[in-house]
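Asker: The primary structure of each chain is shown beneath.
2 protein chains.
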Amino acid sequence: MTYRAPVDDILLSLNHGAGLLAAAKAGHLGDYDLDMTAAVIEEAGKFATDILDPLNQPGDRAGVKLTDKGVATAPGWKDAYKQWTEAGWNAVSGPEEYGGQGLPLAIHSVTNEIWSASNIAFDLCPLLTQSAIDALHAHGSEELKAIYLAKLISGEWPGTMQLTEPQAGTDVGALRTRAEKQADGSYRLFGTKIFITYGDHDMSDNIVHFILARLPGSPAGSKGITLFLAPKFMVNADGSLGARNDIHASGIEHKLGIHASPTCTMTMGDKGGAIAYVVGKENGGMAAMFTMMNQARLGVGLQGVGVADRAYQRALAYAQDRKQGKAVGSTNTGSDPIIAYPDVKRNLMLMRGMTAAARTICYATAVAIDMSHRATDEKVRARAAARGALLTPMAKAFSTDISNEVAAIGVQVHGGMGFMEETGAAQYVRDARILTIYEGTNGVQANDLLMRKLQMSGGEAVWDLLEELSVIVREVESSNDPAFGTTGAKLRDAVASVERTSKWLLEKIASAPRDALAGATPYLRLFSVTLGGCSLAKEALAARNDESMQGDTGRYATLARFFAENVTVQSGALERSVIDSADAVNGADAVLVA
Amino acid sequence: MTYRAPVDDILLSLNHGAGLLAAAKAGHLGDYDLDMTAAVIEEAGKFATDILDPLNQPGDRAGVKLTDKGVATAPGWKDAYKQWTEAGWNAVSGPEEYGGQGLPLAIHSVTNEIWSASNIAFDLCPLLTQSAIDALHAHGSEELKAIYLAKLISGEWPGTMQLTEPQAGTDVGALRTRAEKQADGSYRLFGTKIFITYGDHDMSDNIVHFILARLPGSPAGSKGITLFLAPKFMVNADGSLGARNDIHASGIEHKLGIHASPTCTMTMGDKGGAIAYVVGKENGGMAAMFTMMNQARLGVGLQGVGVADRAYQRALAYAQDRKQGKAVGSTNTGSDPIIAYPDVKRNLMLMRGMTAAARTICYATAVAIDMSHRATDEKVRARAAARGALLTPMAKAFSTDISNEVAAIGVQVHGGMGFMEETGAAQYVRDARILTIYEGTNGVQANDLLMRKLQMSGGEAVWDLLEELSVIVREVESSNDPAFGTTGAKLRDAVASVERTSKWLLEKIASAPRDALAGATPYLRLFSVTLGGCSLAKEALAARNDESMQGDTGRYATLARFFAENVTVQSGALERSVIDSADAVNGADAVLVA
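Protein chains in written order, with the working numbering: chain A, 1 to 594; chain B, 1001 to 1594.
Do not take every clue at face value.
Capping the alpha-carbon separation at 25 Å, the derived lysine-lysine pairs in PhoX-like fashion look like this [said to hold, decoys possible]:
| no. | chain 1 | residue 1 | chain 2 | residue 2 |
| --- | --- | --- | --- | --- |
| 1 | B | K1379 | B | K1025 |
| 2 | A | K223 | B | K1323 |
| 3 | B | K1379 | A | K326 |
| 4 | B | K1223 | A | K323 |
| 5 | A | K46 | A | K82 |
| 6 | B | K1065 | B | K1046 |
| 7 | B | K1326 | A | K223 |
| 8 | A | K508 | B | K1326 |
| 9 | B | K1508 | A | K326 |
| 10 | B | K1082 | B | K1025 |
| 11 | A | K65 | B | K1326 |
| 12 | B | K1078 | B | K1065 |
| 13 | B | K1281 | B | K1145 |
| 14 | A | K145 | A | K181 |
Source of the hints: derived by calculation from the structure; they are not laboratory data.
Taking the hints into account, I'd like the entire structure generated from these sequences.
Answerer: Below you can see the structure in the form of structure tokens.
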């Protein structure tokens, strides 16, 4: 079945759950024209349905090939990329002075979800390009920007992000790729990078590589790394392409999923070194990397939302179509579609609820980042920046965790058919599995939430958010609406759990950091299921008063209730896991022997 | 890294957690000689390490091929199967009068875990053969048994189990394969079966197919189906093989996992019909199917345990070996192995704890079934039969659910390397994905637990088990051992949750069955995490007094504590989900629209 962008759900989440409407009306989003939102989303959905979705399964099957001329992508890929860039989709949020449309990151984020839902392997190319744009825009010299930025923003020349080496994964400071300065101010790079997404391909005339390397005599570890830009083809003074640079894909990986996205080993220095230019300052690579990484983390979270939504859509269609037996209480004469069975309903609600919660967390992250750049009031900007920073690890980790859970349930709903590759449901299980790993594993995200984001000004960003969530809780409770069931109580308990657990952790970070770290992952989950539950409730309240909503708006209360009673309800247990089990985690050495 | 059977963990689980020792000492296992246990397990482990494990990854890569001569298995497969049957491994629990070794199902179950851990695609052939043995032994005529049973038990002729048709999956009564009675008392079968595991292969001279079909004029649905036996090659009076029967593999599936296990479309009737013999009575197929299915469900649970254990072993080895950065509080001069990080420890403990809990649930199911056959006291037999019936859906569903969770964490521990197929961790994610589906989806298991097993004599089997669990809780609490942390309180709460939830469900099954069904899956999980938590605590208590245990026996208390504080602790939330969320599940129709 064909992907359809869930425009209603997206608008409700973006406008109300994530607060785009309120932010724009308060003037915190600059001159953004709210009338554009729905039109952009609908157009993106159309492109995804017509062009990207049909290539998804064939691309997964065909994969990519390494030839003498470099990496060949799957049939149709190059043409789709051309159409995509020509329609302006790569330039949605790019700065206008370099040809971008200057739309908020929030709008860009919605489109990112839509591309991922229809074709995550395709989405990876623009996702990495966006990171490159961010880094070059923030740290590059005017000269480099003049040559490369407009091409990156249009997508005519996609970018890559080259950090990882065999010994340097999460510990990027351990990298060994060597940079040598030349008399003309340029550099030569020598070394090998692994796991480079779209490191080479045939979809564009040129590729702009962003590479972390080490200069001789630099400090050890992450303080001694520098970000470089190296094009695949050198660029002549007139903008035409010149010689092939000395950076090549020397291998491609055989992966569990995202088969149509080339994951390359890149070799530099076979022919005298790759010609490269420093981006930012020498030994300033770490800061530049975080610029690249931060929005990429949100982007990966949105990939999680996209894949989850696609898995849900497919499972729903199957459950409506597939007939087996007779459900209890059925008055059908023939057999029932399996959606009539309570257990199948539960699975589908879990898929939809987790996807919707993750979506709003991601969109809210984007809206906060937008406000941190666009608001005129400095205090508003600072508060929004803290909010965006706090939400980013949850956007990344929670959304990608649930994408794996949702994709697995999607196969389950299909029964035996789900295990057959031709059905299409299994691909999402394979594709989603990388999302919890790349751009910082979810363990790294949990540590980031704890050790950086919670700690920021003694938890101020957390208390600020919890106050907002408490308002939602009171609104649900005072609505006295039976459709919410026990939602109010579940959310109230959860907010209290987050507060207590955050305080306990803040104390432990100071007194016994290993005890705090032992609970990082359940803390991230606790916070996310609380935030997700409150967000869905907020949307359910808003849906009733939003005249643009189609159909029975009470359905959003049912969804919020289901999520609160089945997911947010775990808050108390997660709190106990954080607080009780540090001893068992840190005392695990005697258990963890072969 | 190579698979090693975790003999210590297995013995502790089997003897103490699952109660093999007590059952044998009380004389409930007939003449079973306890001295055999360790020796059999060690020998099985050796065979798995030496023969099956090395074929696992190559088999996954090579897959199977459909040729003119039938299905060709991967290189080395045929030889391994020959060695395996010649070593007597197929005959472990078969009846002695037909050449079996007559060992308890519990011992057979341990070996099943070990084969699955080392090579789940291989294990599927004997798993299905075992179902065929059970059906033929319980329902077959003496004549059929004389010809086929010894060959099935030795494994010389493996069996198949042919139920599914395109329109008849979970609803097996919808099948259309047609049987026609012949003048000589035999039958001819016409039709197509799908998803037939090892439906054809080249590992043996003959294959004995067990096929559900429908006779003309039979009642509609499941009351009108009959079980037939049809050999691949006819058997002459002297036992030699005769003509090729009219049943052929006409297609093989391209699946997410278990690539080395052929999943066939079987066609009967191209040349006059497959010659077949009735097993049991005409229209008695449903009873025969449940005989086949019941132990197969336990067998699939053990596959879950095996795959989970293998994923854990691989992740542990990687975490001990892979060095990245420096953990908080580390006094190492160089970088630390990632196992030094609390978050990685947590992941590994979760893998090990869930695997150990599932293992004991499966073994306890087997011990109960053994007692139901071997005890001399009729009351003991009846109680054990009820226990085995109650535990079977949990053994199947919980073990296979956690196998997916554990396999996913296994990839996570490997970081980016885990996503690369050559690493080996990703295969477990692919392989495990079928386990929650075949032999009755886990949704079907949850319904079975609720509507059959809980309901049996008004919940008597549940109250009986909860009493035993309460004894464990008291022992943990009265041990006053700080190593248990908050384990006692967590288990006490959980047992109370199971009791309250069971009572609520019993009432609802009578008054509002759809409300009960809406909570079937969280109920199964609630029961399983409670039973698993109590089992691990029981083993921790026993380990201290078992002089045969190696190393620091206190490690089992740490594991039990970790599980109680991170998994069993979810009991309260699961109870609330069952009781609170029926309305949201059954009111989902307004939400579940495209």
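Asker: Take a quick look at whether K65 (chain A) and K1326 (chain B) sit within 25 Å of each other, Cα to Cα.
Answerer: Given pair K65 (chain A), K1326 (chain B) is violated - Cα atoms ~38 Å apart, limit 25 Å.
Asker: Given the hinted pair K1078 (chain B) and K1065 (chain B), is their Cα-Cα distance within 25 Å?
Answerer: Holds. K1078 (chain B) to K1065 (chain B) sits at ~14 Å (cutoff 25 Å).
Asker: Between K145 (chain A) and K181 (chain A), is the straight-line Cα distance small enough, at 25 Å or below?
Answerer: holds (20 Å)
Asker: Going straight from one Cα to the other, do K1082 (chain B) and K1025 (chain B) come out at no more than 25 Å?
Answerer: violated (36 Å)
Asker: Hinted pair, alpha-carbon criterion (25 Å max): K508 (chain A), K1326 (chain B). Please report holds or violated.
Answerer: holds (20 Å)
Asker: Hinted pair, alpha-carbon criterion (25 Å max): K1379 (chain B), K1025 (chain B). Please report holds or violated.
Answerer: holds (17 Å)
Asker: Given the hint that K1065 (chain B) pairs with K1046 (chain B), does the C-alpha gap stay at or below 25 Å?
Answerer: violated (30 Å)
Asker: Is the Cα-Cα distance between K1508 (chain B) and K326 (chain A) 25 Å or less?
Answerer: holds (20 Å)
Asker: Would you check the hint for K1379 (chain B) and K326 (chain A), treating anything up to 25 Å between C-alpha atoms as holding?
Answerer: violated (37 Å)
Asker: Between K223 (chain A) and K1323 (chain B), is the straight-line Cα distance small enough, at 25 Å or below?
Answerer: This hinted pair holds, its Cα atoms lying about 19 Å apart.
Asker: Could you grab the alpha-carbon distance between K1223 (chain B) and K323 (chain A) and see if it respects the 25 Å cut-off?
Answerer: Holds, at roughly 19 Å.
Asker: Check whether the Cα positions of K1326 (chain B) and K223 (chain A) lie no farther apart than 25 Å.
Answerer: holds (15 Å)
Hints 3, 6, 10, 11 from the list above are not met by this structure, while the remaining hints are.
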